[in-house]
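Asks: Spelled out from the first residue to the last, the chains are:
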Amino acid sequence: MNLTLKVWRQSGPNATGRIETYEAKEIPSEASFLEMLDIVNTGIIEDGGDPIHFDHDCREGICGACSLAINGVPHSKESGITTCQVHMRKFRDGETIWIEPFRARAFPVVKDLMVDRSAFDRIIAAGGYIDVRAGSAPEANSILIGKEDADAAFDAATCIGCGACVAACKNASAMLFVGAKAAHLNILPQGHPEKDKRVLAMVRQMDAEGFGNCTNQYECEAVCPKEISADVISKLNRDYAAAIVREAVAE
Amino acid sequence: MASKASSTPTPNGTLNSAIPEGPLPEKWTQYKAKAKLINPANKRKYSIIVVGSGLAGGAAAATLSELGYQVKCFCYQDSPRRAHSIAAQGGINGAKNYQNDGDSVWRLFYDTIKGGDFRAREANVHRLAEISLQIIDQCVAQGVPFAREYGGALANRSFGGAQVSRTFYARGQTGQQLLIGCYQALEKEIAKGGVKMYTRTEMLDLVVVDGHAKGIVVRDLTTGEITSHAADAVILATGGYGNVFFLSTNAMGCNVTAALRANKRGAYMANPCFTQIHPTCIPVSGDYQSKLTLMSESLRNDGRVWVPKSREDAAKIRSGELKAKDIPEENRDYFLERKYPSFGNLAPRDISSRSAKEACDDGRGVAKTGLGVFLDFSDAIKRLGKDKVEERYGNLFQMYEKIAGEDPYETPMKIYPAVHYTMGGLWVDYNLMSNVPGLHVLGEANFSDHGANRLGASALMQGLADGYFVIPATLPNYLASQKPGTVTTDAPEFKQVEAEVKDRIAQLMNVKGTKSVDSFHRELGMLVWDKCGMARTDAGLKEALAKIPQIREDFWKNVRIPGKAEDTNMELEKAWRVADFIDFAEIMCHDALAREESCGGHFREEYQFTENDEAVKSGCTNPGEAMRRDDEFAYVSAWEFKGPGVPPVLHKEPLVYEAVELSVRSYK
Chain A
1 MNLTLKVWRQ SGPNATGRIE TYEAKEIPSE ASFLEMLDIV NTGIIEDGGD
51 PIHFDHDCRE GICGACSLAI NGVPHSKESG ITTCQVHMRK FRDGETIWIE
101 PFRARAFPVV KDLMVDRSAF DRIIAAGGYI DVRAGSAPEA NSILIGKEDA
151 DAAFDAATCI GCGACVAACK NASAMLFVGA KAAHLNILPQ GHPEKDKRVL
201 AMVRQMDAEG FGNCTNQYEC EAVCPKEISA DVISKLNRDY AAAIVREAVA
251 E
Chain B
252 MASKASSTPT PNGTLNSAIP EGPLPEKWTQ YKAKAKLINP ANKRKYSIIV
302 VGSGLAGGAA AATLSELGYQ VKCFCYQDSP RRAHSIAAQG GINGAKNYQN
352 DGDSVWRLFY DTIKGGDFRA REANVHRLAE ISLQIIDQCV AQGVPFAREY
402 GGALANRSFG GAQVSRTFYA RGQTGQQLLI GCYQALEKEI AKGGVKMYTR
452 TEMLDLVVVD GHAKGIVVRD LTTGEITSHA ADAVILATGG YGNVFFLSTN
502 AMGCNVTAAL RANKRGAYMA NPCFTQIHPT CIPVSGDYQS KLTLMSESLR
552 NDGRVWVPKS REDAAKIRSG ELKAKDIPEE NRDYFLERKY PSFGNLAPRD
602 ISSRSAKEAC DDGRGVAKTG LGVFLDFSDA IKRLGKDKVE ERYGNLFQMY
652 EKIAGEDPYE TPMKIYPAVH YTMGGLWVDY NLMSNVPGLH VLGEANFSDH
702 GANRLGASAL MQGLADGYFV IPATLPNYLA SQKPGTVTTD APEFKQVEAE
752 VKDRIAQLMN VKGTKSVDSF HRELGMLVWD KCGMARTDAG LKEALAKIPQ
802 IREDFWKNVR IPGKAEDTNM ELEKAWRVAD FIDFAEIMCH DALAREESCG
852 GHFREEYQFT ENDEAVKSGC TNPGEAMRRD DEFAYVSAWE FKGPGVPPVL
902 HKEPLVYEAV ELSVRSYK
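First to last, the protein sequences are chains A and B. Note that my numbering numbers the first sequence so that position 174 is 174, with each residue one more than the last. To convert, count from 1 in the second sequence and add 251; that's my numbering.
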């Protein structure tokens, strides 16, 4: 199949970006979207140009590196997949495809389609963990966790930290990301002792990073490749409110 | 003797593995009781470099920081959470015996030794089995959401090469959940100031000062800047070298650079020919393909592997005239169940892969290319219901459907073996220290625990064992002999290595040829897959060894790298890695050529059982199975680098089995 690509090119964080046009010719329909870009890049290199830079690594939907907005939608309009799981059989021959980076104030562009998502790491560092030193753990089956709680914690824990939720949100809010981590750890009994400290620290870090507020549009849920439910946001709001009250009372 | 801090080759040319004395089950306990310690006030004076942030590196960095050391951790990804451990699907072994099915530390140890075809080091493997218990405790405490029973206790499933259920799992995302636990511990230590994290930073060389590993030279992948980092010890946890084959289940960025550079600086490369070809991957479909996707081995719990009995039926399936369901039961060959009745579809990986290859070589493959066999869930769906199958494997079925465009609930999956894991790696002693003092190697990057074949759900176990529990106990043995902070980046050795790195980058940029980096990688990959893949021969390996120098020459004359070195430049990153893969491929083929036996993932066609062998007549094994030659090859091969294009020199560590008896590995 033959396609026309409209691709965001930006040589560095402080450079001015622009959309450039490329022709993608004779693309096999079995190829993945990133393999299609590989083919286009091979052509660019042969013509002496600078290839289109994009983040990618595992190419099986789990590492969270790939981060393209395809035709305006982070990852893909197809639900529940990452960019690397998009296959060309889903496009029509002759189609024009727009490819842009995940855009957000807190995700500055590194080069072309690569963005800096280290804000997410700093949110986890602020409180997205259970503080247990290696060697100090009790026998595993001494902590019994009902299947429902275990499954709910797992559903929240499937987040791959790709940032599609932020890129899809008109406010560039990180509430789905933060809510997912808080829900994963707060639901489990192991996470209870640090529950208040965790949500306060993570939310404050999120605000400091320049992510916007949540206005309940749930675009985040719609694009999440792991289909994490926006219920984690309501849970985060409840946990945060309770923590604020307890913090005020304690003071 | 607890252990020796030094493990330099002994005068007779063999290597000192520093295995503690005493009975096997007590070695690790005794070791810890007598190991050297660093007092808490002194720990903060020592700095440690950890390269890699996967299960081994991330766990080591976090734990060493918890203990008080100053840690610098490096990864090429944009976040430590993206290390390729994340892609492991099926599970992690732990000898908890929660199922009451007869498991024990001893049984996990024995299964691992046997699974590795008696080419792993007993003492390391026993330690691994012991630590497996603590790992599960640690991960649960961190909040890893393992699968559970309704009563709230942890659930288990079975994996290949074992007859007990000892695998803990988090749906098909166990690696992800374990890595996230590890990453969170790492971020916690970063926030506390114990770990300084360098993301998008790649180690390009090792710095050795007065015979000791004291630092690394790295490239900032965003700006292209080259810098040096000094420390009191260096830990490599940089994963395996599966991408030497170009197509593998590894992430695109996985590479052998750190390990190969260490090899060039004096560390020995052990058993590089032991590579694992995983039986259940989605088959290759075309030249454009950039990587292969694994389907978890856990699928073999309920999926049945088969091809048609006749070549005619197979041909009709390939051409689309027949579908899987058109082949009646009596015309199907469930070849694993037929050949290995007691393990059936759960036969170990090397054996299952080779059987699939044999069926396809016999003209009975079912994918369009001829290279594919069925993995069929129709019986499981009948027995358990679609819901139960979906609960167990839903995300894997979905993944398959996305890639292959077929619904595995309706039609069997097609699978074919693909390169997945590498058992070989840098040689280490019991302390996980290489023969270069100060250089420690963890996880897939070392060679020590899986012998010639790794069992499923054991990679995650080893990575975490090495990072959380082994290195914190063994590193002081080295550090205690070192005065902290004595070497800085002002040392001339750093300037020298930095200059060499810059020079090599300039050479790469200056080739200004016409061929893409990928074209060389693909050429190399196809060559080693063909000659040093699932089956190897003396002639084929010699052919590869003649061809690799030609690829190298062509590469350094004709590769094209666009852009600048002082910038984000993905082609330059790939070019450096591919140049190293080319040099590494040579060592791998030398090893495969020198090992004149078949064992585990290393199958030399010249060495297989035939009808005339006693083991076949007695019903212990089948013709065509791998024939080990224990009298001559029960050793670890450790290769010393001697210069580009010069054959490496072989050193041997004899494998002494005190606790298990070497036997023909039978899964019948």
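Honestly, the hints are just simulated from the structure, not real lab data. In this text, all values refer to a predicted model and were calculated from it rather than measured experimentally. By construction, the Cβ of each residue, glycine as well, lies at the ideal position given by its N, Cα and C atoms. Do not rely on the hints blindly, as some may be mistaken.
Said to hold, decoys possible - Heads up, incomplete: computed chain A residues facing chain B, CB under 10 Å, no partners named:
hint: 1; residue: Glu23
hint: 2; residue: Gln85
hint: 3; residue: Glu95
hint: 4; residue: Arg117
hint: 5; residue: Ala172
Stated by the list, open to error - Simulated crosslink set (DSS-like; lysine-lysine; CA at most 27 Å straight-line):
hint: 6; chain 1: A; residue 1: Lys25; chain 2: B; residue 2: Lys443
hint: 7; chain 1: A; residue 1: Lys6; chain 2: B; residue 2: Lys815
hint: 8; chain 1: B; residue 1: Lys653; chain 2: A; residue 2: Lys6
hint: 9; chain 1: B; residue 1: Lys815; chain 2: A; residue 2: Lys90
hint: 10; chain 1: A; residue 1: Lys195; chain 2: B; residue 2: Lys815
As the list claims (entries may be wrong) - Taking CB as the label site, the calculated pair distances span:
hint: 11; chain 1: B; residue 1: Asp781; chain 2: A; residue 2: Asn171; range: 26 to 34 Å
hint: 12; chain 1: B; residue 1: Lys296; chain 2: A; residue 2: Glu46; range: 49 to 57 Å
hint: 13; chain 1: A; residue 1: Gly17; chain 2: B; residue 2: Glu476; range: 19 to 27 Å
hint: 14; chain 1: A; residue 1: Asp47; chain 2: B; residue 2: Thr739; range: 40 to 48 Å
hint: 15; chain 1: B; residue 1: Gln758; chain 2: A; residue 2: Asp131; range: 21 to 29 Å
hint: 16; chain 1: A; residue 1: Asn71; chain 2: B; residue 2: Lys576; range: 50 to 58 Å
hint: 17; chain 1: A; residue 1: Glu23; chain 2: B; residue 2: Val762; range: 22 to 30 Å
Asks: Using the C-beta atoms of B:Asp781 and A:Asn171, is the stated range 26 to 34 Å upheld?
Replies: At roughly 54 Å between Cβ atoms, A:Asn171 and B:Asp781 fall outside 26 to 34 Å, so the hint is violated.
Asks: Assess, step by step, whether the Cα of B:Lys653 is no farther than 27 Å from the Cα of A:Lys6, and give holds or violated.
Replies: holds (25 Å)
Asks: Quick one: are B:Gln758 and A:Asp131 within 21 to 29 Å, going by C-beta?
Replies: violated (48 Å)
Asks: At a threshold of 10 Å, is the proposed contact between A:Arg117 and chain B supported by beta-carbon distances?
Replies: It holds, given that the least Cβ distance between A:Arg117 and chain B is near 6 Å, below 10 Å.
Asks: Quick check on a hinted range of 49 to 57 Å for B:Lys296 and A:Glu46, using CB atoms only.
Replies: holds (54 Å)
Asks: If you take the shortest Cβ to Cβ gap from A:Gln85 to chain B, is it below 10 Å?
Replies: holds (5 Å)
Asks: Given a hint of 50 to 58 Å, does the C-beta separation of A:Asn71 and B:Lys576 actually sit inside it?
Replies: Violated - the Cβ-Cβ distance for A:Asn71 and B:Lys576, about 38 Å, lies outside 50 to 58 Å.
Asks: Quick check on the hint: A:Glu95 CB to chain B CB, less than 10 Å?
Replies: With a minimum Cβ separation of about 18 Å from chain B (threshold 10 Å), the hint on A:Glu95 is violated.
Asks: Are the Cα atoms of B:Lys815 and A:Lys90 separated by 27 Å or less?
Replies: Answer violated: B:Lys815 to A:Lys90 is near 36 Å, above 27 Å.
Asks: Holds or violated: A:Lys195 with B:Lys815, Cα cutoff 27 Å?
Replies: Given pair A:Lys195, B:Lys815 is violated - Cα atoms ~48 Å apart, limit 27 Å.
Asks: Could you grab the alpha-carbon distance between A:Lys6 and B:Lys815 and see if it respects the 27 Å cut-off?
Replies: OK: A:Lys6 and B:Lys815 at ~24 Å, within 27 Å.
Asks: Is the hint on A:Ala172 kept, meaning its closest Cβ partner in chain B is under 10 Å away?
Replies: Violated: closest Cβ of chain B sits about 18 Å from A:Ala172, beyond 10 Å.
Hint compliance for this structure: hints 1, 3, 5, 6, 9, 10, 11, 15, 16 are broken, all remaining hints hold.
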